[in-house]
Each structure stands twice: as C-alpha cells, then as structure tokens.
Amino acid sequence: MGSDVTDDDLTDGNLETPASLELNIFLPAPSVGLLMLSGSFQNMSQLSSPALDNIILLCDSYKVSHYAQYPPGTETIYSYFESRGGKFPEAVFFGLQYILKKTLVGPVVSHEKIDQAKAIFQAHFGMDIINESGWRYIVDHHKGHLPLKIKAVPEGSVIPTKNVLFTVENTDPKCYWLTNYVEVCFVWYPIAVATNSRIMKQTIARYLIETSESLDSLPYKLHDFGFRGVSSIESAALGGLAHLISFRGTDTVAALLLGQSAYNCPMAGFSVPATEHSTMTVWGEDHEVDAYNHLLDTYETGTFACVSDSYNVWNACENIWGEQLRDRVSTRNGTLIIRPDSGDPTKVVVRVLDILGSKFGYTINSLGFKLLPSYLRVIQGDGVSFESLGPILESIKSAGWSTENVAFGSGGALLQRLNRDTQKCAFKCSHVVVNGKATDVYKHPITDLQKSSKKGRLTLERCPLTGSYKTIEEGRGNESMDLLVPVFENGVLLKEYSLEEIRRRAELPELLSNHL
Numbered sequence: 206m207g208s209d210v211t212d213d214d215l216t217d218g219n220l221e222t223p224a225s226l227e228l229n230i231f232l233p234a235p236s237v238g239l240l241m242l243s244g245s246f247q248n249m250s251q252l253s254s255p256a257l258d259n260i261i262l263l264c265d266s267y268k269v270s271h272y273a274q275y276p277p278g279t280e281t282i283y284s285y286f287e288s289r290g291g292k293f294p295e296a297v298f299f300g301l302q303y304i305l306k307k308t309l310v311g312p313v314v315s316h317e318k319i320d321q322a323k324a325i326f327q328a329h330f331g332m333d334i335i336n337e338s339g340w341r342y343i344v345d346h347h348k349g350h351l352p353l354k355i356k357a358v359p360e361g362s363v364i365p366t367k368n369v370l371f372t373v374e375n376t377d378p379k380c381y382w383l384t385n386y387v388e389v390c391f392v393w394y395p396i397a398v399a400t401n402s403r404i405m406k407q408t409i410a411r412y413l414i415e416t417s418e419s420l421d422s423l424p425y426k427l428h429d430f431g432f433r434g435v436s437s438i439e440s441a442a443l444g445g446l447a448h449l450i451s452f453r454g455t456d457t458v459a460a461l462l463l464g465q466s467a468y469n470c471p472m473a474g475f476s477v478p479a480t481e482h483s484t485m486t487v488w489g490e491d492h493e494v495d496a497y498n499h500l501l502d503t504y505e506t507g508t509f510a511c512v513s514d515s516y517n518v519w520n521a522c523e524n525i526w527g528e529q530l531r532d533r534v535s536t537r538n539g540t541l542i543i544r545p546d547s548g549d550p551t552k553v554v555v556r557v558l559d560i561l562g563s564k565f566g567y568t569i570n571s572l573g574f575k576l577l578p579s580y581l582r583v584i585q586g587d588g589v590s591f592e593s594l595g596p597i598l599e600s601i602k603s604a605g606w607s608t609e610n611v612a613f614g615s616g617g618a619l620l621q622r623l624n625r626d627t628q629k630c631a632f633k634c635s636h637v638v639v640n641g642k643a644t645d646v647y648k649h650p651i652t653d654l655q656k657s658s659k660k661g662r663l664t665l666e667r668c669p670l671t672g673s674y675k676t677i678e679e680g681r682g683n684e685s686m687d688l689l690v691p692v693f694e695n696g697v698l699l700k701e702y703s704l705e706e707i708r709r710r711a712e713l714p715e716l717l718s719n720h721l
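Convert by adding 205 to the 1-based position in the sequence shown; the result is the number in this note's numbering.
It is worth saying that the hints were derived from the structure and are not from the lab.
Take these hints with a grain of salt, some might be off.
Unchecked claim - Derived CB-CB ranges, DEER-like: (1) Tyr-275 with Lys-602: 41 to 51 Å; (2) Glu-490 with Tyr-425: 26 to 36 Å; (3) Val-494 with Asn-624: 42 to 52 Å; (4) Lys-656 with Pro-276: 22 to 32 Å; (5) Lys-656 with Glu-694: 24 to 34 Å; (6) Asn-498 with Pro-578: 29 to 39 Å; (7) Ser-266 with Glu-418: 32 to 42 Å.
What the hints assert, rightly or not - Taking lysine-lysine pairs in the DSBU-like style, the calculated list, with each CA pair at most 30 Å apart, reads: (8) Lys-633 with Lys-307; (9) Lys-268 with Lys-648; (10) Lys-656 with Lys-292; (11) Lys-354 with Lys-602.
Beta carbons: idealized from backbone N, C-alpha and C, even for Gly.
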C-alpha cells in the first residue's frame, strides 16, 4: 500500500483512510504518552486548548527534527518570503503585522509550554525528538522572546512577483534552527485575498471609467459575502480585512474586529439592511408583494437590499416592484437595491436592468450610457469571481448600461477559492553562516526551474527613474535603498501600520489619475 500513496496525496489531503486502517502501518506504535493524550481530548471543550497558542506546536511536524540536521557549527540561517509568480503579476503585501502581534510578539516561550510540547511530540513521533535545550535556552537567556529579526516591505505595498517581500534571520547564533521553524506562521492567505480584490477593483474601475461620469461609488462596488464560505472564523477576519484594503463594503463582521484590534481602524467597512431567502419565502409566493410592502414599511428611508428571485425574478421586477410598488419605490427617500441570485449573471443582470429601465425610466449620461434613477440599483451576488466579473461588466456595457447601476457581492470566490499557489508563495533559506564562514545557498531543481530560489542576503530596491522593483541578491544591494523595513526584533514589534496607511499604498493611482 505504501507504494501507492504519493507525497501529493498526503499534502493535498486526497488520501481516504478507512476507519479500520491500522495507523501503525505508517507510524510508530503508540506510547503511554499518546494514550494519555487521547484521553485528555474526550471532552470537546478541550479543543480550545492553550496548545493552539503554543509557538513550539505551531509548526509542521518535520520542523521539530530539523535542528539536528544542520551542519555542526551553524550560526545563522537567513530566509526570505516571496511570491514566485502565479495568477496575478503582482502581490499586495498584507497580514504580517497581525501574525506578529498574535504569534511572535512578547514572551511567547515558557518552561510550561516546553513541557507541553515535549509530551505531545513524544507521543506524536514515538521518540524524544524536541530540541528541549534550545527552547529552554530561549526562556533562560531571552526571557521567552524569540531571537529573530524580520524585515518586510510596508504593508499595502504592491510588489511585482518574483521579488522578496520579507526576510527572517536569527539574532543569536545558538538559535540558528529557529528561523525556519516558524515558517508556518507566515501565511500566504491575506496576500492572496488582498491581491485578488485589488485586481477586481481594477476591473470595475476600468468599466466605471468607460461608462460612468464618476468613480465615487467604486469603494462600494464589491461587497464581501464570504463569512459563511471560509474555512474558519480567523480566515474570515484576516481575509475579510484584506478585502477591505481595496473596498469598503462587507458583511464579514469578524474583519471589522480585526481591523480594530490589529490595524487601528475604528470601522473598516459598512453594510446595509438586506433580506435573505428565508425572510422572503416565509411569506409564501402568493404574498410576495406583501413581503416587499413590509420591507418598504420597515425601512422608510435609507438604503436596503432585497433578494428578488425566490420565485420569478422577472415578475418581481416587472410587476411587483415595477407596477404594484412603483410609486412607493420612486417617492421613497432612499435607495432600493434589487438582488437577483440565480441564473447566468451575464444575461440575468442585463435583463433585470432592461425591465427596471422600462418601468422606472432612465437617463443617458455624458458618455452615452443608461443610468437608473438614484433610488434604484442592482447588486449581483451569485457567481461573482475574478474570472466572471469582466464578462458580466462587458455584457452590461454592451447593453448600453452604465456600471454605476450595479454593485457586486462575492463569497467563496473572494475569500476561499484561493491557495498558496494562487501567487506561488514560498519561504526559502538563502544565506547561512557555518563556523564563521558566510555562504549563499539556493535550490535549483532540474525538474522544475520555476522553483529555483534566490541566493544570499537580499534587498528590494526601486529604480528612481522607472519606478520598477528589483530584488538584489548575494548581498550586492545598496542597504540605503532597501525597501525592506525592520518590523520585528527579539520579540518586539518595531513598526506598526494603520489600515488607512495600507489603503493609501494599495490604491490605484495610475488608473484613477487617468480619469481625473
């Protein structure tokens, strides 16, 4: 059986394990420690164990064994993080500050945590494998602070792929093994989300420029519907806040809390009252007009959104909103946003606009595109992704409608349909010192040269004439021009960015300036 299981199966989670499979085919026989450990998790409340906050346990299992694999006399391990390429040609750097605050800042190692990790790894590996003396040295000589130095580009920076984004190195030669031990903490996820949302903002901005007289609505054109579609609450918070670098609309409340706690933003995003199918279908199809009337009674002023495809979206737009309730909608002090939620969005949105235009009228803007009255708009929240957004906008434009009429909502595609290879993120060692001798190291696999890594100490520099970015390798860079800023050293956060600063860096100046 072992010959049939590939590394990819194990890495990607494709291996289905029957309940009857004897795991000791692959693993050492369970020890007494393992039996005791399993017993401690009988109570489900134990799943919120402090073990999840133990930095020694926040690693891939094999990292625990690496300290013994370096050459004798190793003093320094210097590693870097980059986006090697991927779906988009550039990456928005975001999320490191939260990770540092949550995981690395302060006295994060203690003898109690070492004891806990030792017991878990003893049971996990079936042998005494932890670098106990190394971790106890950190407690005794560094008071539990991690002797690491991290330099990074400012958060919100938009950096072309294949460039260094941050570097990590140990500051104590006895802790050379620590640099790559903490790799798993440096997640790719917020970078991927921030990049995807910014690219989608570019797409929407382009169509607004072509069909609208104003870009004022751009920050609210892509609304985050992704909370229910992500793998965890922390993913919702971190990914949701990454989206809010480029936009201001969200229904992911966790992102707001993270903005307050980690990025000094009192309120990162905004929303409006809105319906879901349960609040509409509970009225029954025969009373759909009553449901809509009730909404107009409940929200006498301001903006609210109504999902209108529970039964027949064409009937809802033409006969209910467009006939029976037209006067109430047109005289109301506020904006009704109609939400279709099924079908082919390239066709459905256009037909909804055409029906509403025939019922409520429209104006023609200076660019020749139709615009609904200000009290009426449409939001498409189904099937919206980077791949589908352009075709939807093109269909709207081709039908003669301005992009100003429409906003979009995105859920799983916004926060979950991403992975480490979306931007090919990687963390690699590039420089070492062994017995006082500095050496540049790298990988260069003949089977996939795309995975080649950089050499030596790195600087990220920007040409003052062209504005282009370049990573200078092998210690040949000019440190005075290095865009990498010290952000963490020996357990202390050295630099902190507000969400407002990050937003300014990630804005679209080259696109917006062409429209002003």
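For each hint, the structure was consulted:
Distance hint check: the CB atoms of Tyr-275 and Lys-602 are about 58 Å apart, inconsistent with the given range 41 to 51 Å. Between Glu-490 and Tyr-425 the CB atoms are about 32 Å apart, so this pair conforms to the stated range of 26 to 36 Å. A beta carbon spacing of about 45 Å between Val-494 and Asn-624 agrees with the range 42 to 52 Å that was offered as a hint. In this structure, Lys-656 and Pro-276 meet the distance hint of 22 to 32 Å, their C-beta atoms being roughly 23 Å apart.
Restraint check, Lys-656 to Glu-694: a C-beta distance of roughly 30 Å satisfies the suggested window 24 to 34 Å. The supplied range of 29 to 39 Å is broken by Asn-498 and Pro-578, whose beta-carbon atoms lie about 20 Å from each other. Here the CB-CB span from Ser-266 to Glu-418 is close to 58 Å, at odds with the stated 32 to 42 Å. Note on Lys-633 and Lys-307: the hinted pairing holds, with a Cα-Cα distance of about 23 Å set against a maximum of 30 Å.
At most 30 Å may separate the alpha-carbon atoms for a hinted pair to count; Lys-268 and Lys-648 meet this at roughly 18 Å. As the CA atoms of Lys-656 and Lys-292 are separated by approximately 16 Å, the hinted pair is consistent with the 30 Å bound. Only pairs whose Cα atoms come within 30 Å are accepted, and Lys-354 paired with Lys-602 is rejected, the gap being roughly 51 Å.
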